[in-house]
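Counted from 1, the sequence shown has number 76 at position 72 by the working numbering; the numbering is strictly sequential.
Hints should not be assumed to be uniformly reliable.
25 Å max Cα-Cα, derived SDA-like pairs, lysine to any residue [said to hold, decoys possible]:
#, residue 1, residue 2
1, Lys93, Gly48
2, Lys188, Ser136
3, Lys57, Ile105
4, Lys202, Val175
5, Lys161, Asp203
6, Lys109, Tyr90
7, Lys50, Gly98
8, Lys50, Ile105
9, Lys93, Trp164
10, Lys104, Lys141
11, Lys109, Pro45
12, Lys141, Pro45
13, Lys174, Ile138
14, Lys57, Glu162
15, Lys50, Asn85
16, Lys109, Leu215
17, Lys104, Ser46
18, Lys57, Asn85
19, Lys50, Lys93
20, Lys188, Lys141
21, Lys109, Met58
22, Lys104, Leu208
23, Lys93, Ser46
24, Lys161, Gln186
25, Lys109, Gly43
26, Lys141, Leu125
Distance windows between CB atoms, simulated [what the hints assert, rightly or not]:
#, residue 1, residue 2, range
27, Ala148, Lys57, 39 to 45 Å
28, Gly187, Met81, 35 to 41 Å
29, Asn177, Met81, 19 to 25 Å
30, Asn169, Ala61, 43 to 49 Å
31, Ser122, Gln49, 36 to 42 Å
32, Ser136, Thr99, 38 to 44 Å
33, Asn200, Arg64, 23 to 29 Å
34, Lys202, Ser108, 25 to 31 Å
Keep in mind the hints are simulated off the structure, nothing from the lab. Note that beta-carbon positions come from the ideal geometry of N, C-alpha and C, so glycine has one too.
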Amino acid sequence: MAKLLNGINGPFSGKVGTVVGYVWKGKAVMRGLPKERSGEPSLGQKQQHAKFKMMHAFFRMLVPFLNDTFSSVAVQMTGFNKAFSYNVKNAITGTYPDLKIDYSKVLVGKGDLQNVSSVDLDNSVVGELSFSWIYDKAMPSAFATDQVYIAIYCEEKENWIHVLNPAARKVGNCTIDTSVYQGKEVHTYFGFISNNGKDATNSLYTGMIQL
5 MAKLLNGING PFSGKVGTVV GYVWKGKAVM RGLPKERSGE PSLGQKQQHA
55 KFKMMHAFFR MLVPFLNDTF SSVAVQMTGF NKAFSYNVKN AITGTYPDLK
105 IDYSKVLVGK GDLQNVSSVD LDNSVVGELS FSWIYDKAMP SAFATDQVYI
155 AIYCEEKENW IHVLNPAARK VGNCTIDTSV YQGKEVHTYF GFISNNGKDA
205 TNSLYTGMIQ L
């Protein structure tokens, strides 16, 4: 049964005939009912389903993080949904059923700010991973007050460390507590988000390192 929202002339919520009405991000939306599948799914459908399942498992812990780091490029969708869509298309390699994530192609942030070209990692202190970079005042679309974001993925544990705002761009370094992954190999990602949270850099894959 459908429900009228805001009176007889307003949007509706629920099923009417072959369409469903609902409110998403403050907007009235209608969509058609899904058609029942007949027969076995095609190879392409199986591959797409497998990609979705793989990326959902990979990103499940990063929903709030990605909502922030992809927010500036997400149009009428959440930042997480934009990140999910981008990485399904660009960061999964192989052919079904032999699919895998290419960690070097993963983006955990996207936007128009300019990232640094390189970051140095230092794991000499047990339980810590330090990131250092050079702040170039002359770099366009890069501001001293931009805040760092970092994501660290441990494939063995299938888990993430993710941090927003551990330091400003102008500082040039920050240190993350990685004691939960001590002795493990991790993949690392680095970028900046504007101080007002409205823009970000494309993340930089800063490599795999053993802690």
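These are the hints, each one checked on the structure:
no., hint, result
1, Lys93 x Gly48, "holds, 13 Å"
2, Lys188 x Ser136, "holds, 21 Å"
3, Lys57 x Ile105, "holds, 12 Å"
4, Lys202 x Val175, "holds, 21 Å"
5, Lys161 x Asp203, "violated, 31 Å"
6, Lys109 x Tyr90, "holds, 10 Å"
7, Lys50 x Gly98, "holds, 13 Å"
8, Lys50 x Ile105, "holds, 17 Å"
9, Lys93 x Trp164, "holds, 21 Å"
10, Lys104 x Lys141, "violated, 39 Å"
11, Lys109 x Pro45, "violated, 29 Å"
12, Lys141 x Pro45, "violated, 54 Å"
13, Lys174 x Ile138, "holds, 8 Å"
14, Lys57 x Glu162, "holds, 14 Å"
15, Lys50 x Asn85, "holds, 20 Å"
16, Lys109 x Leu215, "holds, 22 Å"
17, Lys104 x Ser46, "holds, 20 Å"
18, Lys57 x Asn85, "holds, 14 Å"
19, Lys50 x Lys93, "holds, 15 Å"
20, Lys188 x Lys141, "violated, 36 Å"
21, Lys109 x Met58, "holds, 15 Å"
22, Lys104 x Leu208, "holds, 20 Å"
23, Lys93 x Ser46, "holds, 19 Å"
24, Lys161 x Gln186, "holds, 12 Å"
25, Lys109 x Gly43, "violated, 35 Å"
26, Lys141 x Leu125, "holds, 22 Å"
27, Ala148 x Lys57: 39 to 45 Å, "holds, 42 Å"
28, Gly187 x Met81: 35 to 41 Å, "holds, 39 Å"
29, Asn177 x Met81: 19 to 25 Å, "violated, 34 Å"
30, Asn169 x Ala61: 43 to 49 Å, "violated, 27 Å"
31, Ser122 x Gln49: 36 to 42 Å, "holds, 41 Å"
32, Ser136 x Thr99: 38 to 44 Å, "holds, 40 Å"
33, Asn200 x Arg64: 23 to 29 Å, "holds, 28 Å"
34, Lys202 x Ser108: 25 to 31 Å, "holds, 28 Å"
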